[in-house]
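Residue numbers (the working numbering), protein chains in the order written: chain A, 1 to 77; chain B, 1 to 77.
Hints in this document: simulated from the structure, not taken from any laboratory.
Yeah, the Cβ is synthetic: ideal placement off N, Cα and C, and Gly gets one too.
Keep in mind that a hint or two might mislead.
Calculated lysine to any residue pairs in the SDA-like style (CA-CA distance at most 25 Å, straight line) [what the hints assert, rightly or not]:
id: 1; chain 1: B; residue 1: K77; chain 2: B; residue 2: K27
id: 2; chain 1: B; residue 1: K27; chain 2: A; residue 2: K53
id: 3; chain 1: A; residue 1: K3; chain 2: B; residue 2: K40
id: 4; chain 1: A; residue 1: K3; chain 2: B; residue 2: A17
id: 5; chain 1: A; residue 1: K27; chain 2: B; residue 2: K40
id: 6; chain 1: A; residue 1: K27; chain 2: B; residue 2: S45
id: 7; chain 1: B; residue 1: K53; chain 2: A; residue 2: K27
id: 8; chain 1: B; residue 1: K40; chain 2: B; residue 2: N61
id: 9; chain 1: B; residue 1: K3; chain 2: A; residue 2: K40
id: 10; chain 1: B; residue 1: K77; chain 2: A; residue 2: Q20
id: 11; chain 1: A; residue 1: K53; chain 2: B; residue 2: N2
id: 12; chain 1: B; residue 1: K3; chain 2: A; residue 2: K53
id: 13; chain 1: A; residue 1: K3; chain 2: A; residue 2: G62
id: 14; chain 1: B; residue 1: K3; chain 2: A; residue 2: F30
id: 15; chain 1: A; residue 1: K3; chain 2: A; residue 2: L22
What follows is a list of derived Cβ distance ranges for each label pair [what the hints assert, rightly or not]:
id: 16; chain 1: A; residue 1: L22; chain 2: B; residue 2: E33; range: 17 to 23 Å
id: 17; chain 1: B; residue 1: S45; chain 2: A; residue 2: T41; range: 39 to 45 Å
id: 18; chain 1: B; residue 1: N61; chain 2: A; residue 2: I34; range: 15 to 21 Å
id: 19; chain 1: B; residue 1: P12; chain 2: A; residue 2: L76; range: 28 to 34 Å
id: 20; chain 1: B; residue 1: E33; chain 2: A; residue 2: D31; range: 37 to 43 Å
id: 21; chain 1: B; residue 1: D75; chain 2: A; residue 2: A72; range: 21 to 27 Å
There are 2 protein chains.
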Amino acid sequence: MNKATFYHAGCPVSISAEQQVLEALDKNRFDIEIVHLGEKTSHISEAESAGVKSVPTLFLNGDVFHINFGAAIRDLK
Amino acid sequence: MNKATFYHAGCPVSISAEQQVLEALDKNRFDIEIVHLGEKTSHISEAESAGVKSVPTLFLNGDVFHINFGAAIRDLK
């Protein structure tokens, strides 16, 4: 099972939209984790190490896909 | 069948990465079309009407998801 991690910061508008991207992923092949960095600030350093510069971001197979531009990760600290 | 359209402009680095996003979509539910706007400039106005501001972009269920930032669509004209 591959792992897909979706990092966000709770913006209601972007959540409703980006859930469409998650919903479109093949759940038979991907284990999807959703991390709210606004609430789980302890995960920010993990996200930064993965290369996340802004949220929302989809982390897939070791690569970072910044989706649109919500908030810079430094603003979440 | 839902439709997912991926617009790009041929950048080899981003293509190899973004193909991971397409590969992760559930092909049982989505009919995936890939449009190279650098070659098919006739599709640029269609992309602009859909709300595409830059490539690469994933167009899914009527919403536009700009992935990272490659090139502004005005630079493709």
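If I claimed the Cβ atoms of A/L22 and B/E33 lie 17 to 23 Å apart, would that claim hold in this structure?
Holds, at about 20 Å.
Hint check: A/K27 vs B/K40, CA-CA at most 25 Å. Holds or violated?
Violated: A/K27 and B/K40 sit about 33 Å apart, past 25 Å.
Is the hinted range of 39 to 45 Å satisfied by the C-beta distance from B/S45 to A/T41?
44 Å, holds
Run the distance test for A/K3 versus A/L22: straight-line Cα separation, threshold 25 Å.
Distance of about 12 Å is within 25 Å: holds.
Please verify whether B/K40 and B/N61 have alpha carbons no more than 25 Å apart.
The given pair, whose Cα atoms are some 22 Å apart, holds under the 25 Å limit.
Given the proposed pairing of B/K3 with A/K40, does the C-alpha separation stay at or below 25 Å?
Roughly 34 Å separates the two Cα atoms, so the pair is violated.
Does the structure keep A/K53 and B/N2 at a Cα separation of 25 Å or less?
This hinted pair is violated, its Cα atoms lying about 31 Å apart.
Cβ-Cβ distance between B/E33 and A/D31: within 37 to 43 Å?
27 Å, violated
Measuring from beta carbon to beta carbon, are B/P12 and A/L76 in 28 to 34 Å?
Hint holds: Cβ distance 33 Å, inside 28 to 34 Å.
So if I understand the rule, the pair passes when the alpha-carbon distance is 25 Å or less; does B/K77 with A/Q20 pass?
Violated - the C-alpha atoms of A/Q20 and B/K77 are around 30 Å apart, more than 25 Å.
Are the Cα positions of A/K3 and A/G62 separated by 25 Å at most?
9 Å, holds
Restraint check for A/K27 with B/S45, where alpha carbons must lie at most 25 Å apart:
With a Cα-Cα distance of about 34 Å, the restraint between A/K27 and B/S45 is violated, given a limit of 25 Å.
Violated hints, listed in ascending order, are 1, 2, 3, 5, 6, 7, 9, 10, 11, 12 and 20; each of the other numbered hints is respected by the structure.
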